[in-house]
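Number of protein chains: 2
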Amino acid sequence: MIFNEVLKNVSTYEAGKPIELVVREYGIDSKDVIKLASNENPYGTSPKVIAKIQELAKNMCLYPDDSMYELKDALAKKYNLESSNIIIGSGSDQILEFCIHAKCKKDSKILMAKTTFAMYEIYGKHVGAEIIKTNSEQHNLEEFSELYKKHGADIIFLCIPNNPLGECLDKNDVYEFLKTIDKNTLVVVDGAYQEYAAFKDEKKRICPKDLIDTFPNAIYLGTFSKAYSLGGMRVGYGFAQNEIIQNLYKIRAPFNITTLSLAAAIEALKDKEFVNDCISKNFEEMKRYEEYVTKKGFEYIPSYTNFITIKFGDKYVSKEVAQKLLERGMIVRDLTSYKQNAIRVTIGKPEQNTKLFQLLDEVLQNL
Amino acid sequence: MIFNEVLKNVSTYEAGKPIELVVREYGIDSKDVIKLASNENPYGTSPKVIAKIQELAKNMCLYPDDSMYELKDALAKKYNLESSNIIIGSGSDQILEFCIHAKCKKDSKILMAKTTFAMYEIYGKHVGAEIIKTNSEQHNLEEFSELYKKHGADIIFLCIPNNPLGECLDKNDVYEFLKTIDKNTLVVVDGAYQEYAAFKDEKKRICPKDLIDTFPNAIYLGTFSKAYSLGGMRVGYGFAQNEIIQNLYKIRAPFNITTLSLAAAIEALKDKEFVNDCISKNFEEMKRYEEYVTKKGFEYIPSYTNFITIKFGDKYVSKEVAQKLLERGMIVRDLTSYKQNAIRVTIGKPEQNTKLFQLLDEVLQNL
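Protein sequences appear in the order of chains G and B.
The opening position of the first sequence corresponds to residue 1 in the UniProt record's numbering, with each subsequent residue numbered one higher.
The opening position of the second sequence corresponds to residue 1 in the UniProt record's numbering, with each subsequent residue numbered one higher.
These are computed hints drawn from the structure, not numbers from a lab.
Heads up, a few of these hints could be off.
Copies of the same chain are indistinguishable here, so a pair counts whether it falls within one copy or spans any two.
Said to hold, decoys possible - Below, computed lysine to any residue pairings styled on SDA-like, alpha-carbon distance capped at 20 Å:
no.	residue 1	residue 2
1	Lys77	Arg24
2	Lys105	Lys125
3	Lys52	Tyr13
4	Lys125	Ser337
5	Lys209	Met1
6	Lys355	Phe283
7	Lys324	Glu25
8	Lys58	Asp32
9	Lys8	Ser108
10	Lys114	Ile131
11	Lys339	Asp107
12	Lys8	Glu243
13	Lys150	Gly329
14	Lys203	Leu178
Chain G extracted, bound-state conformation (with noise of 0.2 Å):
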């Protein structure tokens, strides 16, 4: 059967590992299985949610309520926006998916970072665009301004805090990039980390209102699968000026979140408490990495996320680190399909970490 001839440049996305895996392949039991891998917050899900969730389990049958009124209420009223600047999708990946299919189409352009989010590239080749990408390992914004210069964009893509890298760009390089840009550029804040980042640094934080404000051609993604823990219930969301909402309301199907996953993310939004206390505690220990890769005698990229990016240099080879951890029950995101000699590990637990910290050790001897 012939097939839309975008379809042969397309490659799938490589998830991290899901512990039933390293059950199935390595009969490790799994309770002693331990994903650091895909960035999920360690501290599991706020009680609150859980028992929500619960007691709306009954409700499973029905179809979501699909205005999604009660979410963006919630958002709206945090971020001091209107409903009608919102779109929820399922994970904010989605939304990225809704931005390039109604943006883009073949031969359109698609600027970005050189080692970043491998969705933008995966969306932009499922209509056929171009991708263009910046040199520099981590996100340069003079690489960009020269880049788009010479071949213009029809979107730009920020990764704020970067994912797998963990860096980040200051608040006001971005706004002094945004200036430059033609306003028929749509400019794609991809805030999947921002809570991390902004509680590391307040120069990182973006405001979302303030950002779709002073910009009306860009739009700000976050996610509750990270610091709000709900990776398994794929609800993100996006912000802009109501004009591209209606356009990417467009592409979206009906009913793209679970009657539960709204549910939960309503519920995930109160709990305010829960969520400075597991990204207080994510910086507590990230210190413990950072003194043990150095120890080690490691490079690592200071992270303004839940992960950090281990680099092995010449020393040893990231595949195989990542497959000797595997094989004990570690999970951790190897980087070698980002071209990246490194492995990307999700800051866990205390006593999770102290475990990565031994198995570390002891591959390492071994390899």
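Start from chain G and add chain B according to the hints.
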């Protein structure tokens, strides 16, 4: 901002009104609102599924198993297929979207019945495809053949049984038709309500494995939203030869199904007794509708699903009837947007149906 030209022709799906909306707009207590608008299973979800979700709610923080190993395995066993023949979507709806994005682009041709599931056309317009429709109210394979000979088609949609009208093609007629279709045309057999049709009349039963073995250009779609009572959880499936599945996979975003939805679907598949019991009750109650509608002197379309389409001819205006019912806390689906002066009513529980008859009497007396 300039968006893709095709978006200008995209309309959005009119979802059944949620109970929350009636509560908000008409100030009716939620326990007094009855929703017979979205063909949800009125008997709620299997208690075993609810218990499973309550148990697993603590796992919401973890990303779903993106391989969907367990659910595919369960479906493969039930339908005597390989996992490689299966793709899982956020409702079978999402698989429609995959099919269209994989096969169609601007000016591709999509053939469908005049009055059928609205998303076939909406997704088709997302890519700028040309929509070709038969003339008869219900599925008419002779007309499909004529149009196919005249125009060809990249995709043909058959909804068996058909939503929103309820009629159902015979399996043998479908097979005869499929024999005449070119192997490069993808034929989507949408079996969202097949469990109901097969229960009522063996001649309507489509065996997915036999279908795709006999016609390698066919894909069979099923859903957990109807007979399996998981409308809120967004899980559907597509069965096809591996070549088709692989190409659809290129369009699929990672983690398109939530952790709890996967678990709910796996559990729902196990509780066959619950599903059979619900379907059996459905057709018992359907008889009451047929009697009521006949007594009132209206027409209905004999239905192979969990809903019934009641036509008002020149006696009443369906939009007004639906609105008056809504104001009394009874949500049904007006079919005006489908160019039918009719309402579609989901067969509810006995007491809900009694209430519908009561309120409809009341409303009609006052129109």
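Looking back at the numbered hints, which does the structure fail to meet, lowest number first?
-> Of the numbered hints given earlier, those the structure breaks are 3, 11 and 13, listed in rising order.
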